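Protein chains: 2
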Amino acid sequence: MAEKKQQKRAIIDMDIHERVTYDELLPYLDNPWQRYIKDTNWVQEKHLPYPILGAAGLDRADAQVPDGRPAGNDLSFMQQQLLDDVGHEAGILTGAGDPSPSSMNGWYEMAVALATAYNDWQIENWLEKDDRLYGSVHIAAQDPASAVREIERVGSHPKMVQVLLPIDDRPWGDPYYHPIFEAAERHNLVIGMHHQEPPNYYGKFPRYFVEWHSVMPNTHMIQVSSMIFNGVFEKYPNLKLAMIEAGFTYIPAFMKKMDQQYKVLRHEVPWVKRMPSSIVKDHVRVTTQPVDELTRDEFLKFIDLMDSDEIVCFSTDYPHWDYDSPFRALPPLGEELEQKIFAENARKLYPKLPARERKVTQ
Amino acid sequence: MAEKKQQKRAIIDMDIHERVTYDELLPYLDNPWQRYIKDTNWVQEKHLPYPILGAAGLDRADAQVPDGRPAGNDLSFMQQQLLDDVGHEAGILTGAGDPSPSSMNGWYEMAVALATAYNDWQIENWLEKDDRLYGSVHIAAQDPASAVREIERVGSHPKMVQVLLPIDDRPWGDPYYHPIFEAAERHNLVIGMHHQEPPNYYGKFPRYFVEWHSVMPNTHMIQVSSMIFNGVFEKYPNLKLAMIEAGFTYIPAFMKKMDQQYKVLRHEVPWVKRMPSSIVKDHVRVTTQPVDELTRDEFLKFIDLMDSDEIVCFSTDYPHWDYDSPFRALPPLGEELEQKIFAENARKLYPKLPARERKVTQ
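Line by line, the protein sequences are chains A and B. For the first sequence, the UniProt record's numbering begins at 1 and goes up steadily by one. For the second sequence, the UniProt record's numbering begins at 1 and goes up steadily by one.
There may be inaccurate statements among the hints.
Capping the alpha-carbon separation at 25 Å, the derived lysine to any residue pairs in SDA-like fashion look like this [unchecked claim]:
hint: 1; chain 1: A; residue 1: Lys281; chain 2: B; residue 2: Arg207
hint: 2; chain 1: A; residue 1: Lys204; chain 2: B; residue 2: Glu268
hint: 3; chain 1: B; residue 1: Lys235; chain 2: B; residue 2: Ser146
hint: 4; chain 1: B; residue 1: Lys204; chain 2: A; residue 2: Pro49
hint: 5; chain 1: A; residue 1: Lys352; chain 2: A; residue 2: Glu293
hint: 6; chain 1: A; residue 1: Lys263; chain 2: B; residue 2: Arg296
hint: 7; chain 1: B; residue 1: Lys301; chain 2: A; residue 2: Trp321
hint: 8; chain 1: B; residue 1: Lys301; chain 2: A; residue 2: Tyr208
hint: 9; chain 1: B; residue 1: Lys281; chain 2: B; residue 2: Arg207
hint: 10; chain 1: B; residue 1: Lys204; chain 2: B; residue 2: Pro331
hint: 11; chain 1: B; residue 1: Lys46; chain 2: B; residue 2: Gly106
hint: 12; chain 1: B; residue 1: Lys46; chain 2: B; residue 2: Leu25
hint: 13; chain 1: A; residue 1: Lys301; chain 2: B; residue 2: Trp107
hint: 14; chain 1: B; residue 1: Lys348; chain 2: B; residue 2: Ser146
hint: 15; chain 1: B; residue 1: Lys263; chain 2: A; residue 2: Ser325
hint: 16; chain 1: B; residue 1: Lys204; chain 2: B; residue 2: Trp107
hint: 17; chain 1: B; residue 1: Lys46; chain 2: A; residue 2: Glu310
hint: 18; chain 1: A; residue 1: Lys301; chain 2: B; residue 2: Asp74
hint: 19; chain 1: B; residue 1: Lys204; chain 2: A; residue 2: Glu310
hint: 20; chain 1: A; residue 1: Lys204; chain 2: B; residue 2: Arg266
hint: 21; chain 1: B; residue 1: Lys235; chain 2: A; residue 2: Tyr208
hint: 22; chain 1: A; residue 1: Lys46; chain 2: B; residue 2: Ser146
hint: 23; chain 1: B; residue 1: Lys301; chain 2: A; residue 2: Glu293
hint: 24; chain 1: A; residue 1: Lys273; chain 2: A; residue 2: Ser325
hint: 25; chain 1: B; residue 1: Lys301; chain 2: B; residue 2: Ser278
hint: 26; chain 1: A; residue 1: Lys301; chain 2: B; residue 2: Gly106
hint: 27; chain 1: B; residue 1: Lys273; chain 2: A; residue 2: Leu75
hint: 28; chain 1: B; residue 1: Lys273; chain 2: B; residue 2: Glu310
hint: 29; chain 1: A; residue 1: Lys263; chain 2: B; residue 2: Ala56
hint: 30; chain 1: A; residue 1: Lys204; chain 2: A; residue 2: Arg328
hint: 31; chain 1: A; residue 1: Lys235; chain 2: A; residue 2: Glu152
hint: 32; chain 1: A; residue 1: Lys301; chain 2: B; residue 2: Lys46
hint: 33; chain 1: B; residue 1: Lys204; chain 2: A; residue 2: His267
hint: 34; chain 1: A; residue 1: Lys301; chain 2: B; residue 2: Ile123
hint: 35; chain 1: B; residue 1: Lys273; chain 2: A; residue 2: Tyr208
Pairwise CB distance ranges (calculated) [said to hold, decoys possible]:
hint: 36; chain 1: A; residue 1: Pro331; chain 2: B; residue 2: Asp297; range: 31 to 39 Å
hint: 37; chain 1: A; residue 1: Lys38; chain 2: B; residue 2: Glu182; range: 37 to 45 Å
hint: 38; chain 1: A; residue 1: Pro179; chain 2: B; residue 2: Pro49; range: 38 to 46 Å
hint: 39; chain 1: A; residue 1: Pro331; chain 2: B; residue 2: Pro332; range: 16 to 24 Å
hint: 40; chain 1: B; residue 1: Asp304; chain 2: A; residue 2: Trp107; range: 33 to 41 Å
Simulated from the structure, these hints should not be mistaken for lab results. In this text, all values refer to a predicted model and were calculated from it rather than measured experimentally. All C-beta atoms, glycine included, are put in the ideal place defined by N, C-alpha and C.
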C-alpha cells in the first residue's frame, strides 16, 4: 500500500466490514444462546454454494490480521491498513454478515439475542474506540417488535447511524416490517441494506459466482421497488435508504423503468403519490463499490441519466476481495462531483456524521 | 387509430402475439391429449396472481376481435388493425403464452404434443396466409431431445425464424439445453426469449403487478448472463439471441457489470473467451417495448453507453395493453438510427427476412 498521504479530500466510506468471532460474542450472550455456541459449535447457516475464489476467500489476502485472525477482526490493523493509510474522515461499519440476525430462518429468539450481543460488542470495541467509525444497528427484522425494541435500546447512541437490513429473500417493503421504519425514522437512522447471500436466480443459485455477482443489482432493485411501491416513503417522509454494494449504474434505467410502469399502473398503488424517480432522488442513495470500470464520459452519462448528482456515495467494501481504492476506483470527475461522491452525499444522508466540510488541500 | 399512411419507413415488429384457443388445437392433437382438453377442460396452469388490470385484462380493449373472440385470435382483424394500418414490412409471431409448452411443469409428453400442434396451427393459419408474418418454433425445452426433433421437423420452414423459449424459472444457459442451441444454429434460427410469467422476486411474486413489471428486466438479465457465462456463444458462434419485451435501457449497465465481473472472475469460466459486452454486441438483440419514456438526449445516451446502435430492435407487443405505437413510442432519433431500430437491426438478425431495404419515402 503506497497510497498514504495521497488523499486530498474528505472520504466517507459507506461500507466497511468489521468481523466478530463467535467467541467474542459469548460475553454478551445469556444462556441458552451462549451454550449453543460454546457447547454445540452453532454457526449460522451458510448460503453461498461456490468454492473459495482466491487466496483468502471473499477477503483481500493482505487484510488478514497478522496474528492469523480473519480480516476485519482487529481495530488497530484496520486503522493502520485502511483508516490511517487512506485518510478516512468517517466510515460506516456494516458487519460481516456472520452473524446476520435478520437472515436467520430458525428460532427468532436466538436472532434477537445475537443482534443485541452484536450491537453491544460493536459499540464497545469499535464505535467507542475510534472517532471515525460509525455503526449499524443489527436487528432481527423477522420479528419487528423485537427489532423496534433494539432500535429503541441502541439507536440513540451517537455513533449509530443506520439500521442494517440484509438483502436476502425477504422484500422489506412489506407492511409487516413498517414498524422498523417508523422506529428508524424516529431515531434519525438511515435504513442501510446490504446484500447477504440471496439466491438471486428465480430463488435459486446460478452455476457460477460470476453469474451470481453479475445479477446482484437485481436483488437491490427488488428491495427498492418493494419500498417504493409499498408506500414506505409516503408513510415515513424523513426516512432514507442506503443501498450498499451493488454499484450505481443500474439506477438510471431502473428509475426510468419504474416511472414508466408507475405512469400506467399507478391505480394499483394509489398510496404512492410521486414519480418513483423523484422518490429515489429524495430518499435513496447507492454506493459505488464494486464500481464498474468506466471512462469519465461514461460515468458522467450515467450520472446525467439519474438527473441528480446526489445519489451516488463512495464505499470501499474493505476488507473484501473486490475492495475499491478511493485513489483508483473512479475516473477523474471534477472537483465538485468528486466531493459529493467521496463525502458530501454521505454527510447529507447521515445526520449524525460531523457537519463540517473538510478543507480540500489541493 | 388515425395512424394509417403516416408510416414513412420499413417497420419490422419483433413481438406480435397471435392467440390460439384450445379448441383450435384439437385437430392437430392425437389422443390422449385431445381428450384431456376436450373431456376434462385441461388448461395450462396460470401463474400471475394479480387481478385484471383494465377493461380487457392484459390485452388492449380495442383489440378484441369484434365477434367476441380474444385479442390476437383473428388474422384478418390483426391485418386490419395492425399490419395494414401501421404498414408493417414484417412481424414476428411470438404466441400468447397459452399454451407455453416449455413452461409446463407436468407431463412432458403433453408439452411435446402441444408444441407440435401449435406449430402446425401457426404455419397453416398465419405464416402461410400473410407474407408479412414470420413465426417462432414452439418447443418443449424441458425435454431437449424432443425439442431438437421439433426444430428438425419445422425449423426449415421458410417462415420460421426463431426458436421460442419462455423466460420462466429455468436458466436456459445450462448445458442440459445446449442441444437446442445446436439445432437452432444449424437451421439459422434465432433463439427468441420472451418472458412468460416468472416469479421474479426471489422465486416468489411481489405484492403488486407494478413491482413485478418494474423488475421484469431482472429475469432477462438472468437469462443473458446464463447464456454468456455457460459459454453458449463460444460453442455456437453463429447463434443469436433476441430478448423480447424488457426494453433496452437495462443493457448498458448490465454490459458494464458483466465486463467488470468477468475481468476479476474469469478464472471461473475459462470457456468464455471474450468480454461479455463484446458477446452482447455480436449475439444479443433486445426489443424496445415496453419502452421507457425518454427524451432524445436520454435515448441517445443509453445507445452511446452500449457502444453499438445495432442492439436495439423495435416491437409493438400487439395486442397487449402496453402496446407501443411506432409513431409515438420513440423520440425523434435521426434517420440512420431510426432505420436501424425500426427495421435494419432485425433484418440483420433474422436471415430469413427479405434482404431488400425498403426505400424511405421521406
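Checked hints:
| no. | hint | in the structure |
| --- | --- | --- |
| 1 | A:Lys281 with B:Arg207 | 24 Å, holds |
| 2 | A:Lys204 with B:Glu268 | 19 Å, holds |
| 3 | B:Lys235 with B:Ser146 | 21 Å, holds |
| 4 | B:Lys204 with A:Pro49 | 21 Å, holds |
| 5 | A:Lys352 with A:Glu293 | 32 Å, violated |
| 6 | A:Lys263 with B:Arg296 | 19 Å, holds |
| 7 | B:Lys301 with A:Trp321 | 32 Å, violated |
| 8 | B:Lys301 with A:Tyr208 | 32 Å, violated |
| 9 | B:Lys281 with B:Arg207 | 35 Å, violated |
| 10 | B:Lys204 with B:Pro331 | 36 Å, violated |
| 11 | B:Lys46 with B:Gly106 | 13 Å, holds |
| 12 | B:Lys46 with B:Leu25 | 19 Å, holds |
| 13 | A:Lys301 with B:Trp107 | 50 Å, violated |
| 14 | B:Lys348 with B:Ser146 | 29 Å, violated |
| 15 | B:Lys263 with A:Ser325 | 17 Å, holds |
| 16 | B:Lys204 with B:Trp107 | 23 Å, holds |
| 17 | B:Lys46 with A:Glu310 | 43 Å, violated |
| 18 | A:Lys301 with B:Asp74 | 45 Å, violated |
| 19 | B:Lys204 with A:Glu310 | 33 Å, violated |
| 20 | A:Lys204 with B:Arg266 | 22 Å, holds |
| 21 | B:Lys235 with A:Tyr208 | 18 Å, holds |
| 22 | A:Lys46 with B:Ser146 | 39 Å, violated |
| 23 | B:Lys301 with A:Glu293 | 17 Å, holds |
| 24 | A:Lys273 with A:Ser325 | 39 Å, violated |
| 25 | B:Lys301 with B:Ser278 | 19 Å, holds |
| 26 | A:Lys301 with B:Gly106 | 47 Å, violated |
| 27 | B:Lys273 with A:Leu75 | 42 Å, violated |
| 28 | B:Lys273 with B:Glu310 | 22 Å, holds |
| 29 | A:Lys263 with B:Ala56 | 18 Å, holds |
| 30 | A:Lys204 with A:Arg328 | 34 Å, violated |
| 31 | A:Lys235 with A:Glu152 | 19 Å, holds |
| 32 | A:Lys301 with B:Lys46 | 41 Å, violated |
| 33 | B:Lys204 with A:His267 | 23 Å, holds |
| 34 | A:Lys301 with B:Ile123 | 46 Å, violated |
| 35 | B:Lys273 with A:Tyr208 | 16 Å, holds |
| 36 | A:Pro331 with B:Asp297: 31 to 39 Å | 21 Å, violated |
| 37 | A:Lys38 with B:Glu182: 37 to 45 Å | 57 Å, violated |
| 38 | A:Pro179 with B:Pro49: 38 to 46 Å | 26 Å, violated |
| 39 | A:Pro331 with B:Pro332: 16 to 24 Å | 31 Å, violated |
| 40 | B:Asp304 with A:Trp107: 33 to 41 Å | 52 Å, violated |
When the structure is compared with the earlier hints, violations turn up for hints 5, 7, 8, 9, 10, 13, 14, 17, 18, 19, 22, 24, 26, 27, 30, 32, 34, 36, 37, 38, 39, 40 and for no others.
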